[in-house]
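In the order they appear, the protein sequences are chains A and B.
In terms of my numbering, the first sequence has 266 at position 263, counting the first letter as 1, and numbering is strictly consecutive.
In terms of my numbering, the second sequence has 210 at position 40, counting the first letter as 1, and numbering is strictly consecutive.
What the hints contain is simulated information worked out from the structure, not anything from laboratory work.
As the structure is a computational prediction, the values presented were derived from the model and not from experiment.
You can trust all of the hints, since none of them are fake.
Simulated crosslink set (SDA-like; lysine to any residue; CA at most 20 Å straight-line):
1. A:59 - B:185
2. B:295 - A:39
3. B:295 - A:13
4. B:309 - A:13
5. B:256 - A:57
6. B:219 - A:63
7. B:182 - A:68
8. B:320 - A:13
Simulated restraints, written as ranges between beta carbons of each label pair:
9. B:254 - A:59: 17 to 23 Å
10. A:41 - B:320: 22 to 28 Å
11. A:69 - B:278: 47 to 53 Å
12. A:56 - B:222: 19 to 25 Å
13. A:59 - B:278: 32 to 38 Å
14. B:222 - A:98: 43 to 49 Å
15. B:226 - A:97: 44 to 50 Å
16. A:83 - B:320: 52 to 58 Å
17. A:44 - B:278: 14 to 20 Å
18. B:313 - A:69: 30 to 36 Å
Don't be surprised by glycine CBs; every beta carbon is placed ideally from N, CA and C.
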Amino acid sequence: MMKNYETDDTFLGRWIAGELSEEELVAFKETEAYKQFIIINNESQLLDGPDIDTEKALKTVKQRIGQKHLKPKTIKLWQAISVAAILIIAMNLLLNSSKTYTNGIGESQIIVLEDGSEINLNANSSLSLKRFFWSNDKTVNLEGEAYFTINKGDDFKVETAKGTIKVLGTEFNVKDRSYFEVKCFEGRVEFIPNNDSSSSRILTKGKQVIIKDTKIEDLIFKEEFPSWTKGISKFDEKPMYLVLEELTQYFDINFESTNININRLYSGSFNHIDLDLALKATLVPMGINYRKSKTENTFILSE
Amino acid sequence: MPEKEPSICEEKVYNELFRKYYEPVTKYIYYKCGNLHQAEDIVQNVFIKIWKLCATIIFSKAKSYIYTASNNAFLNEIEHKKVILKHKKTIEKHTDYESPDFKIEMEEFRVKLKDAINSLSPKEKEVFLLSRVEDKTYKEIAEITGLTVKAIERRMSKALKELRETLGKHIKV
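All chains should be built: construct the whole structure from the sequences, respecting the hints.
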């Protein structure tokens, strides 16, 4: 009798796929050949093909493609974004770039702005303003001390670490050193403290505001112009440490002041031209002895 | 709404295709030509072509493209060599059907099995290896080779019959 697997040309194929009917399978198992097919099938399934290193092949293919063809669109998009970003940053830097005037110790200069306003920048101070489109937003940043003569008409702002001074055609002095001081010599200015804009105040001629520590005080003064603009520093019952600090603004010196009481009050003045005279004018009346140390420009003070 | 197909021009997508299909296609070509170096060359060339044509090949059609193009490239080359098959490392465990009256040593039988598979006609060998060694279903083989499932069943049947004719005398049960 002919067996199924000999007559049916899909029989063994269907057996491998597990698609024989129950009857077919039972009959197939009866045959002598069945066990041989089982062994052939099982042993064949234990065989393995070649080992293939996909990652190595991928590397080879990419080398053959060549670097310039690779890394297409996505990278190009990134490059475009980078270039655009750099341009934007550069434009921003350029447009927001500022011009800075700096005075060393004992130096002063008068800066005339494009609207004709004048700023007399005192020693050891710096002033910066935007290089472009400054007229649209007349703001200057001040560190140190300066005397402003502002033309009438536009808003003008002076920003400091302690607060902003807003003005309309006026003359005023701003001093931001150990202590902060705004003096109005003509017209009106508004002072807006940085940490408390609600306590802003308007100063008219002869009014001044000072900040000691964080306390704001309103005072009046008599002089017609800041004395420093004439080469003189004047003090009216100010503590010695402010006087010493003021001296270091005009002369390249330091003080060793641990042996004196720096809180004693001083009234008087010194001029900015002669160090000897300045020291005599400030230290002698207070009974302070001073001698120069051998190495540096340091004066050792004692009482 | 149909989902947008990923672009093969994106390196990430391309790498994914490569990692998924390089090995099975290379083995498929190897089973036809018996020369691993030649098979790898053929498939690598196909993948280079895919990169160049990346904009024109649809992602979902890539698999069939890779198989067809590799097969076509193979048909253009003449050299057919013996397929070298190894044994899986797990082979030792599979001994449940072994009986004492087994006429030849298992090792000897395995060598003969490999020879017998190699002497199958190329059409039968290809289907047999894809099914038994690569564990592919007839449906998958149909997809790869372009044959019908019925034709594959016939080729498998014929292959098994031939293997038994060659090896049967060594298996007395």
